[in-house]
Amino acid sequence: MLLFLLRRVATFLATLAVASLVVFAVLEWLPGNPAQVMLGDTATAESLAALEARLGLDQPAWLRYGAWVGGLLRGESAMSYAYDTPTFELIAERLQVSLPLALLAMALTVVVALALGIYAASRHNRIGDVGVMALSQLGVAVPSFWLAILLILLFAVQLQWVSAGGFPGWRGDDGGGLWAGVKALLLPALSLAAVQAAILARVTRSAVLEAMREDYVRTARAKGLSRRAVLWRHVLRNAMVPVLTIMGLQFANLITGAIVVENVFVLPGIGRLVFQAIANRDLVLVRDIVMLLAAVVVLVNFAVDVLYAWIDPRLRVTGDA
Amino acid sequence: MPKRWLRHPSFAVGAVLVGLLLLAAALSLLWQPYPPAEIDIPNKLAAPSWAHWLGTDSLGRDIASQLLVGSQNSIVVGVVAVGIGLTLGVALGCLAAARRGWVEELVMRTSDFTFAFPALLSAIMLTAIYGPGLVTSIVAIGIFNIPVFARLTRASARSVWTLDYVLAARAAGKGAWRITSDHVLPNIANVLIVQATIQFALAILAEAALSYLGLGTQPPQPSWGRMLNEAQTMLFDAPLLAVYPGVTIALAVLGLNLMGDGLRDLLDPKLSRQR
Numbered sequence: 001m002l003l004f005l006l007r008r009v010a011t012f013l014a015t016l017a018v019a020s021l022v023v024f025a026v027l028e029w030l031p032g033n034p035a036q037v038m039l040g041d042t043a044t045a046e047s048l049a050a051l052e053a054r055l056g057l058d059q060p061a062w063l064r065y066g067a068w069v070g071g072l073l074r075g076e077s078a079m080s081y082a083y084d085t086p087t088f089e090l091i092a093e094r095l096q097v098s099l100p101l102a103l104l105a106m107a108l109t110v111v112v113a114l115a116l117g118i119y120a121a122s123r124h125n126r127i128g129d130v131g132v133m134a135l136s137q138l139g140v141a142v143p144s145f146w147l148a149i150l151l152i153l154l155f156a157v158q159l160q161w162v163s164a165g166g167f168p169g170w171r172g173d174d175g176g177g178l179w180a181g182v183k184a185l186l187l188p189a190l191s192l193a194a195v196q197a198a199i200l201a202r203v204t205r206s207a208v209l210e211a212m213r214e215d216y217v218r219t220a221r222a223k224g225l226s227r228r229a230v231l232w233r234h235v236l237r238n239a240m241v242p243v244l245t246i247m248g249l250q251f252a253n254l255i256t257g258a259i260v261v262e263n264v265f266v267l268p269g270i271g272r273l274v275f276q277a278i279a280n281r282d283l284v285l286v287r288d289i290v291m292l293l294a295a296v297v298v299l300v301n302f303a304v305d306v307l308y309a310w311i312d313p314r315l316r317v318t319g320d321a
Numbered sequence: 001m002p003k004r005w006l007r008h009p010s011f012a013v014g015a016v017l018v019g020l021l022l023l024a025a026a027l028s029l030l031w032q033p034y035p036p037a038e039i040d041i042p043n044k045l046a047a048p049s050w051a052h053w054l055g056t057d058s059l060g061r062d063i064a065s066q067l068l069v070g071s072q073n074s075i076v077v078g079v080v081a082v083g084i085g086l087t088l089g090v091a092l093g094c095l096a097a098a099r100r101g102w103v104e105e106l107v108m109r110t111s112d113f114t115f116a117f118p119a120l121l122s123a124i125m126l127t128a129i130y131g132p133g134l135v136t137s138i139v140a141i142g143i144f145n146i147p148v149f150a151r152l153t154r155a156s157a158r159s160v161w162t163l164d165y166v167l168a169a170r171a172a173g174k175g176a177w178r179i180t181s182d183h184v185l186p187n188i189a190n191v192l193i194v195q196a197t198i199q200f201a202l203a204i205l206a207e208a209a210l211s212y213l214g215l216g217t218q219p220p221q222p223s224w225g226r227m228l229n230e231a232q233t234m235l236f237d238a239p240l241l242a243v244y245p246g247v248t249i250a251l252a253v254l255g256l257n258l259m260g261d262g263l264r265d266l267l268d269p270k271l272s273r274q275r
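Line by line, the protein sequences are chains L and U.
Heads up: the first sequence runs through residues 1 to 321, numbered per the working numbering.
Heads up: the second sequence runs through residues 1 to 275, numbered per the working numbering.
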């Protein structure tokens with residue numbers, strides 16, 4: 001297990017390093033002169049020279065890359081060009097919305113998908129199974145941002161139960177609070193979760209069906225265990241391996257999906273921030289946000305690999321998950 | 001197309017939906033009820049009628065025409081983005097399966113790595129530099145398709161390489177390229193067709209999301225995603241405007257997914273028995 005872990009950690013770190021190189025290359029090296037991109041074609045020579053100096057463009061690319069990564073590792077960030085604030089501060093502030101949104105959506109996804117998937121498998125080829133599968137086929141086809149708009153249409157425009165967007169904040173003193181915050185995130189999380197739950201429910205169903213066909217299930221049934229006991233004690237644990245893999249991939253989808261859905265609901269999260277950064281041509285901020293999101297995706301995949309090996313010890317031996 | 005294909009419910013329904021999508025795109029090349037970008041303020045937000053089948057939007061543009069012409073956009077993005085993924089991904093996957101060793105390692109690690117940049121993230125980076133547009137979104141979606149096909153091709157190709165007749169062909173002195181083109185590609189074509197259908201559906205979804213965000217196709221070229229974006233500002237006055245493009249996207253994606261599922265069953269009977 002130790003060797004396996006070491007190998008995985010090494011791959012994880014290498015992937016992060018390559019990701020940082022790609023982000024740097026695309027946003028700072030490929031465009032030639034990022035200052036020109038940020039200021040546009042109409043920039044005067046003086047303002048261009050001033051920004052070049054501020055961004056340190058007079059230094060060679062590898063020195064700038066080193067300074068950026070060194071800063072990330074020390075926890076010191078560059079100044080956002082448009083906001084004149086350290087990028088980390090801006091990102092941390094927006095994460096207070098994006099992180100709870102992603103977690104809430106993931107929780108909804110897992111609960112709904114496992115329930116539906118297990119239910120469908122236990123009703124294999126009967127009406128309940130067919131219904132769940134049809135529902136999930138529909139869920140996969142619906143774009144999350146359209147579902148978001150439909151939810152706004154129903155709950156904000158028709159029923160007027162919630163507001164059509166915005167975020168009141170987590171603190172009670174400025175009109176927000178825990179309940180108000182969760183309420184504002186509920187519809188966005190629901191629209192994100194529906195699509196992912198549809199996918200995960202199918203995976204869960206086929207994984208459970210697969211596991212139910214194994215010999216040990218027949219043995220357990222033969223020795224007198226009830227269907228229910230076999231399902232909970234043997235089938236589910238074995239069915240979890242493929243389910244977990246897909247969940248890892250889905251978290252990445254949730255993060256990028258959140259960028260879109262935050263824009264539908266006008267939530268002040270990372271997704272909105274990155275769009276404001278693009279509109280402001282704030283390459284410094286775009287670079288740091290893209291790096292953060294890529295790092296989260298890599299981290300989740302790493303965590304899934306490790307969990308995978310923990311659930312299924314066979315994978316540790318070959319280390320080739 | 002064999003007759004039994006049409007008796008397969010998923011495939012039949014999917015094929016009809018996909019056929020309608022292609023028909024709409026082909027029709028819109030020849031004829032449209034109205035020019036989709038034609039602004040007609042006196043007739044804005046008109047209800048569905050004989051003159052405007054699905055009504056008009058806030059600028060008086062005909063919704064049905066925009067949907068029809070928008071289908072071209074979705075198909076172009078789907079075809080090119082999946083084409084990029086297929087061409088490069090299959091080439092890399094075949095190379096990895098044929099050469100093994102460090103080549104395979106390099107291809108696989110690069111694919112793993114590319115997954116760290118979902119289409120939206122690539123699109124954000126590219127837009128920050130080159131500005132939004134159709135090409136940016138196609139490239140971003142295409143890049144993400146490459147590792148999908150590379151992994152699938154490598155895994156399927158490797159199992160073909162272990163077959164007895166391939167070993168015999170190698171022993172007879174056939175080169176890696178000939179084996180790949182004569183034996184590997186024909187054997188993995190079915191798997192690739194199924195995956196291409198699914199990726200096509202995902203590409204339509206991704207394109208819709210990108211144009212909803214303003215990162216994709218730019219006006220005046222109509223796109224389903226941007227129609228939804230424009231409809232959102234009119235939710236209180238004209239809620240139906242937000243329904244049509246969404247239903248269209250969902251039907252197109254549903255059609256492709258059902259067709260992909262059906263093809264999987266029809267082209268690979270072994271798989272369908274297991275499920």
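Rather than coming from a laboratory, the hints here were simulated on the basis of the structure.
The reader is advised that the hints may include incorrect statements.
[To be verified] Pairwise CB distance ranges (calculated):
{"#": "1", "chain 1": "L", "residue 1": "Gly131", "chain 2": "U", "residue 2": "Gly83", "range": "30 to 40 angstroms"}
{"#": "2", "chain 1": "U", "residue 1": "Gly83", "chain 2": "L", "residue 2": "Ile127", "range": "39 to 49 angstroms"}
{"#": "3", "chain 1": "U", "residue 1": "Leu59", "chain 2": "L", "residue 2": "Val266", "range": "20 to 30 angstroms"}
{"#": "4", "chain 1": "U", "residue 1": "Ile193", "chain 2": "L", "residue 2": "Arg213", "range": "26 to 36 angstroms"}
{"#": "5", "chain 1": "L", "residue 1": "Pro313", "chain 2": "U", "residue 2": "Val103", "range": "29 to 39 angstroms"}
{"#": "6", "chain 1": "L", "residue 1": "Val157", "chain 2": "U", "residue 2": "Pro220", "range": "47 to 57 angstroms"}
{"#": "7", "chain 1": "U", "residue 1": "Ala172", "chain 2": "L", "residue 2": "Glu210", "range": "55 to 65 angstroms"}
Note that the Cβ used here is the ideal one computed from N, Cα and C, for glycine as well.
Violations among the numbered hints, reported as their numbers in ascending order
6, 7
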